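J.: Fit chain B to the given chain A structure using the hints.
Residue numbers (our numbering), protein chains in the order written: chain A, 1 to 385; chain B, 386 to 770.
Some hints here could point you the wrong way.
One side only, chain B facing chain A, incomplete, derived with CB under 7 Å [what the hints assert, rightly or not]:
#, residue
1, 529
2, 532
3, 547
4, 548
5, 554
6, 555
7, 558
Calculated from the structure, these hints are not laboratory results.
None of the values given here were measured: they were computed from a predicted structure.
Note that CB positions come from ideal geometry on N, CA and C, so glycine has one too.
One letter stands for each residue in the lines below.
There are 2 protein chains.
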Amino acid sequence: MTSCGRGYAPMARYRAAAAEISAATAAFRGTWADMRHVGSGAAGRRNGGWLWAACTWLGWAMRITALAGGVGGARFLRGLRHHLDRRDDGPHDVTVIGNTGDDITLFGLRVCPDLDTILYTLGGGVHDGQGWGRADESHRVQEELLAYGATPDWFALGDLDLATHIVRSQWLGQGMSLSEVTALLAQRWGLPEQRVRLLPMTDTPVETHVVLAEEEPRAVHFQEWWVRMQAAAPVERFVVAGMDRAVAAPGVLDALREADVVLLPPSNPVVSIGIILGVPGVRDALRGTAAPVVGVSPLIGGRPVRGHADACLTAIGVEPTSAAVAGLYADFLDAWLVDPTDADVAVQRVRVEAHSEPLLMSSVEAAGAIAGAALGLAESIRTSR
Amino acid sequence: MTSCGRGYAPMARYRAAAAEISAATAAFRGTWADMRHVGSGAAGRRNGGWLWAACTWLGWAMRITALAGGVGGARFLRGLRHHLDRRDDGPHDVTVIGNTGDDITLFGLRVCPDLDTILYTLGGGVHDGQGWGRADESHRVQEELLAYGATPDWFALGDLDLATHIVRSQWLGQGMSLSEVTALLAQRWGLPEQRVRLLPMTDTPVETHVVLAEEEPRAVHFQEWWVRMQAAAPVERFVVAGMDRAVAAPGVLDALREADVVLLPPSNPVVSIGIILGVPGVRDALRGTAAPVVGVSPLIGGRPVRGHADACLTAIGVEPTSAAVAGLYADFLDAWLVDPTDADVAVQRVRVEAHSEPLLMSSVEAAGAIAGAALGLAESIRTSR
Numbered sequence: 001m002t003s004c005g006r007g008y009a010p011m012a013r014y015r016a017a018a019a020e021i022s023a024a025t026a027a028f029r030g031t032w033a034d035m036r037h038v039g040s041g042a043a044g045r046r047n048g049g050w051l052w053a054a055c056t057w058l059g060w061a062m063r064i065t066a067l068a069g070g071v072g073g074a075r076f077l078r079g080l081r082h083h084l085d086r087r088d089d090g091p092h093d094v095t096v097i098g099n100t101g102d103d104i105t106l107f108g109l110r111v112c113p114d115l116d117t118i119l120y121t122l123g124g125g126v127h128d129g130q131g132w133g134r135a136d137e138s139h140r141v142q143e144e145l146l147a148y149g150a151t152p153d154w155f156a157l158g159d160l161d162l163a164t165h166i167v168r169s170q171w172l173g174q175g176m177s178l179s180e181v182t183a184l185l186a187q188r189w190g191l192p193e194q195r196v197r198l199l200p201m202t203d204t205p206v207e208t209h210v211v212l213a214e215e216e217p218r219a220v221h222f223q224e225w226w227v228r229m230q231a232a233a234p235v236e237r238f239v240v241a242g243m244d245r246a247v248a249a250p251g252v253l254d255a256l257r258e259a260d261v262v263l264l265p266p267s268n269p270v271v272s273i274g275i276i277l278g279v280p281g282v283r284d285a286l287r288g289t290a291a292p293v294v295g296v297s298p299l300i301g302g303r304p305v306r307g308h309a310d311a312c313l314t315a316i317g318v319e320p321t322s323a324a325v326a327g328l329y330a331d332f333l334d335a336w337l338v339d340p341t342d343a344d345v346a347v348q349r350v351r352v353e354a355h356s357e358p359l360l361m362s363s364v365e366a367a368g369a370i371a372g373a374a375l376g377l378a379e380s381i382r383t384s385r
Numbered sequence: 386m387t388s389c390g391r392g393y394a395p396m397a398r399y400r401a402a403a404a405e406i407s408a409a410t411a412a413f414r415g416t417w418a419d420m421r422h423v424g425s426g427a428a429g430r431r432n433g434g435w436l437w438a439a440c441t442w443l444g445w446a447m448r449i450t451a452l453a454g455g456v457g458g459a460r461f462l463r464g465l466r467h468h469l470d471r472r473d474d475g476p477h478d479v480t481v482i483g484n485t486g487d488d489i490t491l492f493g494l495r496v497c498p499d500l501d502t503i504l505y506t507l508g509g510g511v512h513d514g515q516g517w518g519r520a521d522e523s524h525r526v527q528e529e530l531l532a533y534g535a536t537p538d539w540f541a542l543g544d545l546d547l548a549t550h551i552v553r554s555q556w557l558g559q560g561m562s563l564s565e566v567t568a569l570l571a572q573r574w575g576l577p578e579q580r581v582r583l584l585p586m587t588d589t590p591v592e593t594h595v596v597l598a599e600e601e602p603r604a605v606h607f608q609e610w611w612v613r614m615q616a617a618a619p620v621e622r623f624v625v626a627g628m629d630r631a632v633a634a635p636g637v638l639d640a641l642r643e644a645d646v647v648l649l650p651p652s653n654p655v656v657s658i659g660i661i662l663g664v665p666g667v668r669d670a671l672r673g674t675a676a677p678v679v680g681v682s683p684l685i686g687g688r689p690v691r692g693h694a695d696a697c698l699t700a701i702g703v704e705p706t707s708a709a710v711a712g713l714y715a716d717f718l719d720a721w722l723v724d725p726t727d728a729d730v731a732v733q734r735v736r737v738e739a740h741s742e743p744l745l746m747s748s749v750e751a752a753g754a755i756a757g758a759a760l761g762l763a764e765s766i767r768t769s770r
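Looking at chain A on its own, in the form it has when it is part of the complex (with noise of 0.2 Å):
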C-alpha cells in the first residue's frame, strides 16, 4: 500500500492551516482519499510502485515513520534527514515514535531522555561526543541541588538540559499531554521546519522498571540500573509500571497504518524498540501495515556498537545477534540491515530479505548512508510487490 500525505504541520500551525481549507482543496483531497483507498491492502501492495511515483510528481510527501529510542536512534534520524535533504523525489515527512519508558521524575521534574536526545541531536544542539545531552553544558544548578542534600546524585542534569524538564514539567503541570509538550519542544529545536513530527510513544506516564535477580528481588527504575549500575546488575525482568492503562499517543497508530516506509533504527530492541512495541495497538498496526518495515541492526559483530543492548537481550534470554533480534520482529519485519561482519550468520538465518552495508554510525555522512540503504530496500519491496 502506499499512501501520501500533505506535508504536516506542527499542532498549532495545523489547527490554522486546516481552518483555510477551501471547497477546492476538499475537493482535491477526495481524489487523494480514493487513490489512498486504491493503494490499500494487497493490491496496494502490488500497485505501490506507480502511486509512490504519482506521489512524487504531484509533490505530496513521503511518510516515513520510525520508532526510535535515545542516542542510536537520533542519530539514525540525524543521518535519515542528511539523507532525504539530498534526494531529488520531492519532500519526506518523518514521523518520531519516541520510547517514553525511560522517563523518570528527578527533583520533581519529568526528564524523557530519549525524546530530549532526539529534540537535542535534531535541532544541533545535542553533545556530540558523548551522544546525549546538551553542548557547552555546565552543572551549576546540580551542584547546588546536591548543596542542599537533594537526591539523587547519580543522573547528571546540565543547567541547559535542566531547562528542558522545567519547561516540560511546567506545560505538564498546567495539563498539557506530553505529546502537545513534545510539539512544543520541537518547534524550538526546528522539527517542523525539517518536516519531523515526534510523537511520544503515549502520552499515559509509564516507566521501564528492572527486576534485579538478586536473592530478595527488588525493582529499581531503569535509569538507575542503566546509569548508576552501569547496566552490569543481573535482571530478572523488566517491567513497564503504567503499560498496563496505557494508550497510544494521538497519531502515533495512524503513522505506523498510513506510512509509505517504516523503519526501525539501530536503538536497543529490549528496552527501546521492545518498550514502544509493548503500547497497546503498536505491534498490531506494525502487523497490519501495508508500508514495508525495514530495521537496521543494532549490533555489530554480536556487540552493541553503544549502550548496553547485549546485556539487555541476554536479561531477557536473547542471543545476542543480529539475527536473534530480527527474530523479536518476525511478525512484521520485511527487511533487516546487517554489518558485513554479520552477513554470513544473520542473513542465512533471518527470514526476511536481508541486506548487509557497515552499520557504524561514525558521523552524519555515514549515518545518512545506512538511512539510504535501509529505505533503499524499503524502495525495492515496495516496487517488488
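T.: Frame of chain A, contents of chain B only:
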C-alpha cells in the same frame, strides 16, 4: 514577661535530642517552667529584669523574635547576628517570621523571595550589591526557558537561585510543609549553627495581589507590580489571596508569645510586615506578648532606603513618614527607632518610647549598630517595667 528558651535545634536534631532527654533534665525543665510562670503577665513585666539576669547567669538563651520581609529585613538580621556575636551575655536564639505573601509560582517552581533573601544573606551566599539573589550568579537556565517561549520573562531567576526553587518544589511535592522545607534549606545555609530559626509566617499558600487603580480594575501578582511595573502603576488596594484560610505556621505564635524581645526590622510596613500581621493570630499574639516590641523605621526623611515602601503606604492612604508607620503598629509597639532626620517630627508624634539612631544599613557593622540600638531600647523598657 521574661521567658528563657533552652536553645533551639533544627527539626531532625531536635527530635534526636528530644529522645535523649533524661529524668534529670526533665526535673530541671520543671524548674524552668516554674520560672516562666513567675515571669508571665503584668507581674512578669515588672519582674523581667531579675529573671533575664538569672537566665543569662544560667547560660540560657535570650529569645529574640523578628518579623521580616526581604532585603531590609535580611540585612537587619545579619546585623543583629553580628551584634549578638559580639556580646558577652550568653547565647541568643533568634526566631525569624518571614513574609510569604511575595511567594509566586514561576515555571512551575515555588519561589519564596523573602525567605530566600534571608537564607542567602545570613548564609553568606547573597549578592551583596543588589541585596537579593545569589553572588556569582549566571542565567543559563532562564535563557533556555525563554528560548522555549516559557513565561514570564520579567522575573530574573539565576541558575544558583533556581536550584533553591527546584528543591523546594520537589520537597513540597513530596508532601512536606513549607516550614519543614524551609528548615531543611536553612541547614544548608548554616542558620542552626547561628542559632537562627527561620519560620514562614504560614504554611498555607498565600499570595499578595495588587488591584490596580485602572478604569476596569484588574489584579496582578505583587511580583508583577513590584518587578515588572516597578511599583509605578497606581494601586487601588492590596489583596492577599489565600489569607482567609491561612493558619500561622507551627511555632509562629509561640515565638511571639514566649519571646524575650520582639523586633520589627525596617521591612516594608505594607507588603512585608503588614502581610505577616494579617496572618490570623499574629496581631493578637503581638498585643498579648509580655516582651517589649521594638520597631525600626523603614523610612529616612520620608523615603525608603530601598524598595517602594512610600508607594505602598500611599496606596493604603498612609502618609509616608516614620511617625505614620509607627501608627500602623500602635496597638502593640513599645518603642520605635527612627533616623535622626526624622527625630524631631517622628519622636514627638509617636506615642511610644522613641529613640533616634542613624538607620542607613550601609554595612554589616552599621546594621549591627542599629540592631544593637533596638535591643538596647528593649532592654531599657524591660528594666524600667
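J.: Compare the structure with each hint and give your call.
T.: Each hint tested on the structure:
1. This hint holds: residue 529 of chain B has a C-beta 3 Å from the nearest C-beta of chain A, less than the 7 Å allowed.
2. The beta carbon of residue 532 of chain B comes within 6 Å of a beta carbon in chain A, closer than 7 Å, and the hint placing it at the interface holds.
3. Proximity of residue 547 of chain B to chain A holds as hinted, the smallest CB-CB distance being about 6 Å (cut-off 7 Å).
4. Residue-level restraint check for residue 548 of chain B holds (minimum Cβ-Cβ distance to chain A is 3 Å; threshold 7 Å).
5. This hint holds: residue 554 of chain B has a C-beta 5 Å from the nearest C-beta of chain A, less than the 7 Å allowed.
6. Given hint, residue 555 of chain B at the interface with chain A, holds; its Cβ is 4 Å from that chain's nearest Cβ, closer than 7 Å.
7. This hint holds: residue 558 of chain B has a C-beta 5 Å from the nearest C-beta of chain A, less than the 7 Å allowed.
Of the numbered hints stated above, none is contradicted by the structure.
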